[in-house]
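Let's have the full structure, built from the sequences with the hints guiding it.
What follows is each chain in one-letter form.
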Amino acid sequence: MLSKRIIPCLDVKDGRTVKGVNFVDLRDAGDPVELAAQYAQQGADELVFLDITATHERRKTMIEMVKSVARQLNIPFTIGGGITEIADAEALLNAGADKISINSAAVRRPELIEELAKAFGVQFVVVAVDTKYVDGRNMVHLNGGRLITELETESWIKQAEELGAGEILLTSMDHDGTKAGFDCDLLKKINDSINIPIIASGGAGSMEHFTEVFQKANVDAALAASVFHYGEILIPDLKQELSRNNIPVRI
Amino acid sequence: MNENTKNNSIGIINYGAGNIFSLTAALERQHIPYAMVNTEADLEKHSHIIIPGVGHAGAAMEKLQQTGLVAAIKSLKKPVLGICVGMQLLTAHSEEGDADLLNIAPVKTKLFDKTLGIKIPHMGWNNVNFANNPLFINVKPLAQFYFVHSYFIEYNPIFDIASVTYGNKFSAAIQKDNFFGVQFHPEKSGEAGEQLLKNFYNLRIS
Chain A
1 MLSKRIIPCL
11 DVKDGRTVKG
21 VNFVDLRDAG
31 DPVELAAQYA
41 QQGADELVFL
51 DITATHERRK
61 TMIEMVKSVA
71 RQLNIPFTIG
81 GGITEIADAE
91 ALLNAGADKI
101 SINSAAVRRP
111 ELIEELAKAF
121 GVQFVVVAVD
131 TKYVDGRNMV
141 HLNGGRLITE
151 LETESWIKQA
161 EELGAGEILL
171 TSMDHDGTKA
181 GFDCDLLKKI
191 NDSINIPIIA
201 SGGAGSMEHF
211 TEVFQKANVD
221 AALAASVFHY
231 GEILIPDLKQ
241 ELSRNNIPVR
251 I
Chain B
1 MNENTKNNSI
11 GIINYGAGNI
21 FSLTAALERQ
31 HIPYAMVNTE
41 ADLEKHSHII
51 IPGVGHAGAA
61 MEKLQQTGLV
71 AAIKSLKKPV
81 LGICVGMQLL
91 TAHSEEGDAD
101 LLNIAPVKTK
111 LFDKTLGIKI
121 PHMGWNNVNF
131 ANNPLFINVK
141 PLAQFYFVHS
151 YFIEYNPIFD
161 IASVTYGNKF
171 SAAIQKDNFF
181 GVQFHPEKSG
191 EAGEQLLKNF
201 YNLRIS
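Protein sequence lines correspond, in order, to chains A and B. Numbering-wise, my numbering puts 99 at position 99 of the first sequence, and it's gapless, one number per residue. Numbering-wise, my numbering puts 122 at position 122 of the second sequence, and it's gapless, one number per residue.
Keep in mind that the hints were calculated from the coordinates and are not lab data. Beta carbons are placed, not taken as given, at the ideal position from N, Cα and C, and that holds for glycine. Fair warning: there could be bad hints in the mix.
Unchecked claim - Derived lysine to aspartate or glutamate pairs resembling EDC-like cross-links, with alpha carbons at most 20 Å apart:
no.	chain 1	residue 1	chain 2	residue 2
1	A	Lys67	B	Glu194
2	B	Lys108	B	Glu95
3	A	Lys179	A	Glu212
4	A	Lys118	B	Glu62
5	A	Lys118	B	Asp98
6	B	Lys198	B	Asp177
7	A	Lys118	B	Glu95
8	A	Lys60	A	Glu90
9	A	Lys189	A	Glu152
10	A	Lys189	A	Glu162
11	A	Lys67	B	Glu28
12	B	Lys77	B	Glu28
13	A	Lys118	A	Glu161
14	A	Lys13	A	Asp88
15	B	Lys114	A	Glu161
16	B	Lys108	B	Asp177
17	B	Lys78	B	Asp177
18	B	Lys74	B	Asp42
19	A	Lys67	A	Asp88
20	B	Lys114	A	Glu162
21	A	Lys118	A	Glu85
22	B	Lys63	A	Glu90
23	A	Lys118	A	Glu90
24	A	Lys216	A	Glu162
25	B	Lys114	A	Asp192
26	B	Lys63	B	Glu40
As the list claims (entries may be wrong) - Reference excerpt, derived from the structure (chain B facing chain A, CB under 10 Å, subset only):
no.	residue
27	Gly58
28	Asn132
29	Phe147
The following block contains the structure:
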């Protein structure tokens, strides 16, 4: 049976791991390569690295980090942040990344999804969507939730699937950083409307929240950052808890 | 020359179908020596051969043909392991690009049927039900391996050495004589995958 995946997310800036609370107020949580190896050891099924470096040295720094991670890690990992063209994606692929995640670049130029899928296969292309509830509608946001777009979340995700997205990473900006649980209603609605895997993100605070999102929304994977980085939830405990609730996991 | 007297190393067929950084990194972590195979002479230098592959099976077959190595690969008597699309190349035909393949194992590679209510691609960790086979020595029964694919190899008990269920039951691993194929990515499958790579490297075919 296909297991539900647990995915720690590492925000990386200048080669160091950070995690913001509501995407502001960054705190340093360690060396990404070391952290990645530790997560693999603990039983993480996959890792996501989001690069939030803004300098023009970003790409070079990131490629070096990706290579170091690929040398050490025996599980798959995704790289996101600052990917705007085929050349960025190709450099990451050649450095050993299994998937890339695109967000604002896809909103600005949706054909990028199609181009990446054609060049590297749909399995390589994760479309990350930040969503926020505004005036009764779920709207796609950019820049860590600061910039609203004209795109309605569900229709944008369907469009991304049609263009060749292999997976969706959906982050609820309303839930992110609250530790009050995932946005199960929205995740279920989106999940029921697409035929590609979906990763739930935003709001994980306890093990029950993971059980809830798998049971209620039947998502393929759940992603979290700070609860893992600060040891509030240990992955082996989480897997045992999910397994007790009859959710298929890799133990 | 007897297989056992050759230098033990893995030759990786270098035909440009996908990235192999993760595969070579996994071999390095297991201290398994390897080198790229570009010519027929290179094939002779190694005790074991891996055919990697990511992407489109039809396109991969065209690239493999361009190397001029197809006939030499088909006549190999040493252990050969096809990974993912590299495994699919061992079959007769793929629905991906309606392509004729190496036909080492006369089975077919088919597209997942989404009317079965499954998401495509099949992405993630799935339980592999393997038979008593040297490739799976010291792997826990029903261990999970990491899969990423939209096409699968039809289950055929003659060639199947491990099966997996996603929508329907299909082959996670096949064997025809000295040719092995795995649909999952051992280089991304944690300890189970590393064990499988070691097992392959330890295979001796007399």
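How the hints compare with the structure:
no.: 1; hint: Lys67/A - Glu194/B; in the structure: 19 Å, holds
no.: 2; hint: Lys108/B - Glu95/B; in the structure: 8 Å, holds
no.: 3; hint: Lys179/A - Glu212/A; in the structure: 13 Å, holds
no.: 4; hint: Lys118/A - Glu62/B; in the structure: 17 Å, holds
no.: 5; hint: Lys118/A - Asp98/B; in the structure: 17 Å, holds
no.: 6; hint: Lys198/B - Asp177/B; in the structure: 19 Å, holds
no.: 7; hint: Lys118/A - Glu95/B; in the structure: 17 Å, holds
no.: 8; hint: Lys60/A - Glu90/A; in the structure: 13 Å, holds
no.: 9; hint: Lys189/A - Glu152/A; in the structure: 13 Å, holds
no.: 10; hint: Lys189/A - Glu162/A; in the structure: 17 Å, holds
no.: 11; hint: Lys67/A - Glu28/B; in the structure: 14 Å, holds
no.: 12; hint: Lys77/B - Glu28/B; in the structure: 25 Å, violated
no.: 13; hint: Lys118/A - Glu161/A; in the structure: 13 Å, holds
no.: 14; hint: Lys13/A - Asp88/A; in the structure: 17 Å, holds
no.: 15; hint: Lys114/B - Glu161/A; in the structure: 14 Å, holds
no.: 16; hint: Lys108/B - Asp177/B; in the structure: 18 Å, holds
no.: 17; hint: Lys78/B - Asp177/B; in the structure: 10 Å, holds
no.: 18; hint: Lys74/B - Asp42/B; in the structure: 15 Å, holds
no.: 19; hint: Lys67/A - Asp88/A; in the structure: 14 Å, holds
no.: 20; hint: Lys114/B - Glu162/A; in the structure: 15 Å, holds
no.: 21; hint: Lys118/A - Glu85/A; in the structure: 13 Å, holds
no.: 22; hint: Lys63/B - Glu90/A; in the structure: 19 Å, holds
no.: 23; hint: Lys118/A - Glu90/A; in the structure: 12 Å, holds
no.: 24; hint: Lys216/A - Glu162/A; in the structure: 25 Å, violated
no.: 25; hint: Lys114/B - Asp192/A; in the structure: 14 Å, holds
no.: 26; hint: Lys63/B - Glu40/B; in the structure: 16 Å, holds
no.: 27; hint: Gly58; in the structure: 13 Å, violated
no.: 28; hint: Asn132; in the structure: 22 Å, violated
no.: 29; hint: Phe147; in the structure: 8 Å, holds
When each numbered hint is compared with the structure, violations occur for hints 12, 24, 27 and 28.
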